[in-house]
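Peer 1: Using the sequences plus the hints, can you model the full thing?
Chains as they are written, first to last, in the working numbering: chain A, 20 to 137; chain B, 20 to 137.
By construction, these hints were calculated from the structure, which means they are not laboratory data.
Treat each hint with caution, since some may be false.
Treat identical chains as interchangeable: a pair holds within one or across any two.
Stated by the list, open to error - Pairs of lysine to any residue residues, derived as SDA-like cross-links and limited to a Cα-Cα distance of at most 20 Å, are as follows:
#1 K68 to A31
#2 K68 to A40
#3 K57 to P36
#4 K57 to P89
#5 K68 to A34
#6 K128 to R28
#7 K57 to Q86
#8 K68 to D27
There are 2 protein chains.
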Amino acid sequence: MNSSQRLDRTFAALADPTRRAILVRLASGEASVTELSKPFRMSQPAISKHLRVLEHAGLISRGREAQRRPRRLEPAPLAEADEWLERYREFWEGSFERLDALLEEMKTKDRKRTRKKG
Amino acid sequence: MNSSQRLDRTFAALADPTRRAILVRLASGEASVTELSKPFRMSQPAISKHLRVLEHAGLISRGREAQRRPRRLEPAPLAEADEWLERYREFWEGSFERLDALLEEMKTKDRKRTRKKG
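Peer 2: So, in structure tokens, the structure goes:
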């Protein structure tokens, strides 16, 4: 895999809320599939499918411990994706002074929508 | 769309080398579809399809100029994706001292592979 193919897989793997949540969980330490399944209202096979996508993208790896085979976050692909975005950070930080306000506005709208639903 | 749905669309849109290249091009200024098609060995309909994905994700917008309808980069979704990754930057910067070396190693391998092909 070259850098472009790795970015394809990393960004595709990140394009799902469950997979992003799994990565957030693993950032605080390794965990077994059972432990990873708990916070989600999802079957273990559904979680396993997401884990395969993450593993295929090199974002997680499996520990050697025979029974648990704990999953661990692998930081390199995330760092590479971050590096790609970093090149354009200048673009949005420099040219768009209103951006912070805009992001704040988007989040306030989200919160209002969430409150209405709840 | 809430923040999570926006991240889904942004990351999915970034999971393609042509779409990333289009964003890179637009970071240096707006461009028409014809201008965007030139560097790619791709038909205009194929480019238009990629542009629709980028537009759907809010990453680009269309200018008002009747004939050209130039596309423009919209930075907010990229900034939001960057913000998501930023939260985990600490994880890979702190815990993985070998990461820089690892990224360097991956890139050296890429270059060697490219040279072999060429």
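Peer 1: Run every hint past the structure and note whether it holds.
Peer 2: So, going through the hints one by one against the coordinates:
With identical chains, the CA atoms of K68 and A31 are at most 20 Å apart both within one copy (14 Å) and between copies (18 Å). Within a single copy, K68 and A40 get their C-alpha atoms as close as 14 Å, which meets the 20 Å cut-off; across copies the closest is 30 Å, which misses it. For a Cα distance limit of 20 Å, the shortest separation of K57 from P36 inside one copy, 15 Å, qualifies, whereas the shortest one across copies, 35 Å, does not. In this assembly of identical chains, the alpha carbons of K57 and P89 lie at most 20 Å apart only when taken from the same copy (14 Å versus 48 Å across copies).
In the homo-oligomer, the alpha carbons of K68 and A34 lie at most 20 Å apart both inside one protomer (14 Å) and across protomers (19 Å), since each shortest distance falls under that limit. In this assembly of identical chains, K128 and R28 lie within 20 Å of each other by CA distance solely across copies; the values are 18 Å between and 31 Å within a copy. For the homomeric pair K57 and Q86, the shortest alpha-carbon distance inside one copy (18 Å) is at most 20 Å, but the shortest distance between copies (55 Å) is not. Taking the shortest alpha-carbon separations for K68 and D27, both the intra-copy value of 18 Å and the inter-copy value of 17 Å come in at or below 20 Å.
When the structure is compared with the earlier hints, no violation turns up for any of them.
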